[in-house]
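Visitor: This is what each chain is made of:
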Amino acid sequence: MSMLRSRPDFFDRLKKVTLPFNDGILETLRAGDLISLSGTLFTGRDQTHRLLFDLLDQGKELPVDLKGQLLYYVGPSPARPGRVIGAAGPTTSYRMDVYTPRLLDLGLKATMGKGARSSEVRESMKKNSAIYLATFGGAGAFLSKCIVEAELIAFPDAGPEALFRFTVKNFPAVVINDVTGRDYYQEIVSASSL
Amino acid sequence: MREIKSASIIEAVRQMAMEAAWDLEPDILEALLKARDRESSALASDVLELLLINADIASREKIPVCQDTGVAVVFVTLGQDVRIVGDLMAAIQEGVRLGYDEGYLRKSVCDPITRVNTGTNTPAVIHVELVPGERLHISILPKGCGSENMSGLTMLPPSAGLEGVKDYVVDLVVKAGPNPCPPVIVGVGMGGTFEKAALLAKKSLLRPLGQPNPRQDVAQLEQEILERINDAGRGVHGLGGNNTSLGVHIELFPAHIASLPVAVNIQCHAHRYKEIDL
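Protein chains in written order, with our numbering: chain F, 117 to 310; chain Z, 13 to 290.
Some clues are possibly wrong.
What the hints assert, rightly or not - Partial pick of chain Z residues on the chain F-facing surface, computed with a CB cut under 8 Å:
{"no.": "1", "residue": "G98"}
{"no.": "2", "residue": "D99"}
{"no.": "3", "residue": "G189"}
Claimed, not checked - Derived SDA-like pairs: lysine to any residue, alpha-carbon spacing no greater than 25 Å straight-line:
{"no.": "4", "chain 1": "Z", "residue 1": "K119", "chain 2": "F", "residue 2": "T296"}
{"no.": "5", "chain 1": "F", "residue 1": "K243", "chain 2": "F", "residue 2": "S122"}
{"no.": "6", "chain 1": "Z", "residue 1": "K119", "chain 2": "F", "residue 2": "Q174"}
{"no.": "7", "chain 1": "Z", "residue 1": "K187", "chain 2": "F", "residue 2": "V305"}
{"no.": "8", "chain 1": "Z", "residue 1": "K286", "chain 2": "Z", "residue 2": "V128"}
What the hints contain is simulated information worked out from the structure, not anything from laboratory work. Idealized CB from N, CA, C, for every residue including glycine.
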């Protein structure tokens, strides 16, 4: 496919955001903004949440401090020898909806996956001035190139559902829910015919 | 009587499991290119471009197109005059195990109650159909569950008619929104029984993308449902535009006089499959 560029046009329009979030940056982001993330984030999906909640329910300390952090819903494929990580695109976020408000109350500032969030999560984001990002489902090979380091932090027995710390560089995402309560998916639905 | 050794089945399945994860088939790539060229939204067009770039990286570097390398769904068409030397079902499971291990594919299969991962991506889901003759055909469809979870089945009354079928399918796909990674491929099974409709919906995904059902009224129904889904404007990844679906495939089976089962199996744009005649 020689007609392909190395990256699509919209990569030139991405607003750069560093992780963990600097004070005040979240307030400047709006639903529909295309952003590029650089810095560190944590990963987790279904079983990761269940294991984190087991610790919380037992009054134990979490293996990471989520305050001010971004949690990326991903279960990567294994890295080949010499590579940082395998494919690492987003999983569908609604399955984490039941867990998210409590984590936002603990200081988590952003989540990233794909697909819409529940009204409870949207309310909790407003209350906690947190945001939700979507990245590109089915682009796991491309996105793996934006991950420069992957460190296993907790739950190694959970396989792809272990908790990792990723260091990312120019990782692309779309702001879906911003701190003002706007929801980009809802706006697309309202603008379309059905 | 033709003899086929289980070792050759293991090897074929192993190879297909890996290649399915890395290499999208030409019909899918062509459909994504066409979608990009007719896309009304600039952002969606860029995302389609990203998906094509992703497929290119995956194929060149042998990285899965998507980290969800799925539950391996395997369809076997077995001639009655073939004698398998060894255990057919065990050979398929072993091929899946080896392919997912050696290909650095994600192991996504777990106990439904404890959620403990089996660690091997087995068991695969295997469907065997017996046919006359000496043929052995194996297809593998690694099925990601972002899209599988958005699937559905309804037992309509016959009075619901075609309008009822269209409304059910369109509504299910539109309401799924960005969750199943649109642009999706929509597999529909109509008729039969509860489980027959579901199996037909899955099997319809094996048809080359965009190839219409040979029955003209069914082909017309496929086209009409596709247009209604795309007119709804949810678009690529739910970001708007006119490419929510790349194709609708419908398979039929005669139904009971009291019944009109309709099953919808949604497949993401990273539609991976391989097939082989042994």
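Visitor: Decide, hint by hint, whether the structure agrees.
Guide: Tested hints:
1. G98: Cβ of Z/G98 sits 29 Å from chain F, so the hint is violated.
2. D99: 27 Å, violated
3. G189: The hint holds - Z/G189 has a Cβ within 8 Å of chain F, the shortest such distance being about 6 Å.
4. Z/K119 <-> F/T296: 39 Å, violated
5. F/K243 <-> F/S122: Distance of about 40 Å is beyond 25 Å: violated.
6. Z/K119 <-> F/Q174: Roughly 29 Å between the alpha carbons, so the hint for Z/K119 and F/Q174 is violated.
7. Z/K187 <-> F/V305: 10 Å, holds
8. Z/K286 <-> Z/V128: Outside the cut-off at roughly 28 Å; violated.
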